[in-house]
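Residue-level listing of the chains:
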Amino acid sequence: MAVERFLQPRASSWMANDGENVDIAMSTRIRLARNLTDFKFPYSFTEDEALKVDKEISSVLLDKGSELDYTFSHISIEELAQLQKEVLVEKHLISPYLANSQHSSSVLLSENEELSIMVNEEDHLRIQSLQSGFHLQNAYKIANELDSLLEKNLSYAFHEKYGYLTSCPTNVGTGMRASVMLHLPALTMSHQIQRIIPAISRLGMVVRGIYGEGSEALGNVYQISNQLTLGKSEYEILQDLENMTEQIIQQERRAREAIVLNSPLILEDRVYRSLGILTHSRLLTTEEAATCLSDVRLGIDLKMIQDVDMSILNELMIFMQPAFLQQYADKPLQPKERDFARAKLFRERLNKEGINSEGEDLA
Amino acid sequence: MICDQCGERSASVIVKQQQQGQITELHLCHICAAENHSINIAFEQDPLAIHQLLSNWFPTSQASINPVKKEAATCPSCGFTFHKFLQLGKFGCASCYDEFAPQLNEIFKRFHNGNTEHTGKIPASYGTTLKIKKEIEELRKQMQASIQGEHFEEAARLRDEVRVLSSKLEGGAPNGS
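In order, the protein sequences belong to chains A and B.
End of the first sequence sits at 858 in this note's numbering; the numbers just go up one at a time, nothing left out.
End of the second sequence sits at 245 in this note's numbering; the numbers just go up one at a time, nothing left out.
Fair warning: there could be bad hints in the mix.
Said to hold, decoys possible - A few chain B positions that, by computed beta-carbon distances, are all more than 12 Å from chain A: (1) I118; (2) S145; (3) N173; (4) K177; (5) E185; (6) I190; (7) G195; (8) H219; (9) E229; (10) L233.
What the hints assert, rightly or not - Covered, in the sense of this in silico footprint (three residues per stretch, anywhere, with C-beta under 8 Å from a C-beta of chain B), are these stretches of chain A: (11) 665-674; (12) 801-810.
The set of hints was computed from the structure by calculation and includes no laboratory data.
Every residue gets a Cβ at the ideal spot worked out from N, C-alpha and C, and that includes glycine.
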């Protein structure tokens, strides 16, 4: 089945550790929302319409993808097992909304997993372009090229005044949501983030913890994205977001310097304790793993730790999640069993490819 | 009952999880319950509960009545009422945008920092058609002016240009890119 290769605990190219400012900006995503003219939107369409939309969009992508050198794999959501859907969600390749879809829906994935096109999510069509690091323009270029190819073969719902019409009034206009995932441990430690978040929201952008609601961001990973989709062009939105992200990155760098200057030993102690937990614990909860991953990342960025590969940490962030652990174990796991499997995964990955084994790990 | 996870606080939430036929039941305190849901990928989360905002802005009693027609606004294409749009926070189809137009400026202004009009990308085919329509309009105006000024040769030339452009429009999809 086409889906198998996408379920493997194998890194997608956007998890790689290259690109500008990659120590702080972990990945970039662009999402374009589009609907077709001849069908009602997914909140009101019939199953019959859903099937037609699914067929029409999927076949255009499969037929025309080659014009941009893409070979898409078509995956029908209803044919997936629950765990397989969860794995795709954890890998950011589909949204939780699509995973729970009640009608005919699909996802089409490019071979390098940088492009994911969801059919019959909240809108008929959602083009998602993922890049590692801080690459808004490039991620948009990839999404935009595909969009321009599709509009030649599909009839988009477009309004002279309102632009691209979407199910949700918060997406109308460009239909574009651009986001950058940022690792901000120093701004979090110094509580500056609490001052930054409300300031940004006044400028048509939003920052929030990537995992979970609430104020505390698990693993100090935040997402900054544009809130506004109407009244500005795609390039203006990207430019604004780029400027704001650069400012946050600068502030994070300054906060890091301040911590290194003021409490180097406390910081070093914290970094190495966390590395110790990740490489030696036997039970590891998601929360603890996320916290320690953040510390170790920071340690690598600050050159305190030299022998751990950052891209392994990026992968572990994805693969430590519940569905991946169960997929890997090939059986359902209870929460405690998952903590055990998670600890084992970290020990294996960090000892095998990260730190040279010191022979202590024979349990 | 004590929370199954922390073993300290008293449990206030029961979490039932069904996995391949096996049901597990957890009794959790409010803090551990919140943590249990912490691994939701936020990429695709709605930043705000849209419908909540909408119903705060437009108390449903007055919003369900179209101020122009003095009757409940209903989209003939998908059957969504304005009331339903507010409740759900979502449009049912493209026609909703026209049917609910009188109230939309107000809504879009709040979501999009005061903006109500798209200024970004236009689909190439749509853009070309729009451009030709506008050119024809402009040529017709010039033609009228020429006729009134009795510059008939000029008017005839403009008329031919309009014909060429009109045939382009009728000739189906213009060359997109």
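Next item on the list: Mind verifying the non-interface call on L233/B? Its CB should be farther than 12 Å from each CB in chain A.
Entry: 19 Å, holds
Next item on the list: Just double-check I118/B for me: nearest Cβ-Cβ distance to chain A has to come out over 12 Å.
Entry: 6 Å, violated
Margin query: Is the claim that E185/B lies outside the interface with chain A correct, judged by CB distances over 12 Å?
Written below: Incorrect as stated: the minimum Cβ-Cβ distance to chain A is 5 Å, not above 12 Å.
Next item on the list: Evaluate the condition: distance from the CB of N173/B to the nearest CB of chain A exceeds 12 Å.
Entry: The claim breaks: N173/B does not keep its Cβ more than 12 Å from every Cβ of chain A (closest is about 10 Å).
Note to self: Verify this for me: three or more residues of the region 801-810 of chain A with a beta carbon less than 8 Å from a beta carbon of chain B.
What the structure shows: violated (count 0)
Margin query: When I compare C-beta atoms, does the region 665-674 of chain A have three or more residues closer than 8 Å to chain B?
Written below: holds (count 6)
Check: Does the no-contact call for H219/B survive, Cβ to all of chain A over 12 Å?
Finding: The claim holds: H219/B sits with its nearest Cβ about 34 Å from chain A, beyond 12 Å.
Note to self: Over 12 Å from every CB of chain A: does S145/B meet that, or does the non-interface label fail?
What the structure shows: 7 Å, violated
Checklist line | G195/B and chain A, when compared Cβ to Cβ, separated by more than 12 Å | finding: Violated: least Cβ distance 9 Å, not greater than 12 Å.
Notebook entry, point to check: Non-interface claim for K177/B: all C-beta distances to chain A beyond 12 Å?
Noted result: Answer for K177/B: violated, closest chain A Cβ roughly 9 Å.
Check: Any Cβ of chain A at or closer than 12 Å to E229/B, or is the non-interface label fine?
Finding: 24 Å, holds
Next item on the list: Verify that the Cβ of I190/B lies farther than 12 Å from every Cβ atom of chain A, and report whether the claim holds or is violated.
Entry: 7 Å, violated
Hint compliance for this structure: hints 1, 2, 3, 4, 5, 6, 7 and 12 are broken, all remaining hints hold.
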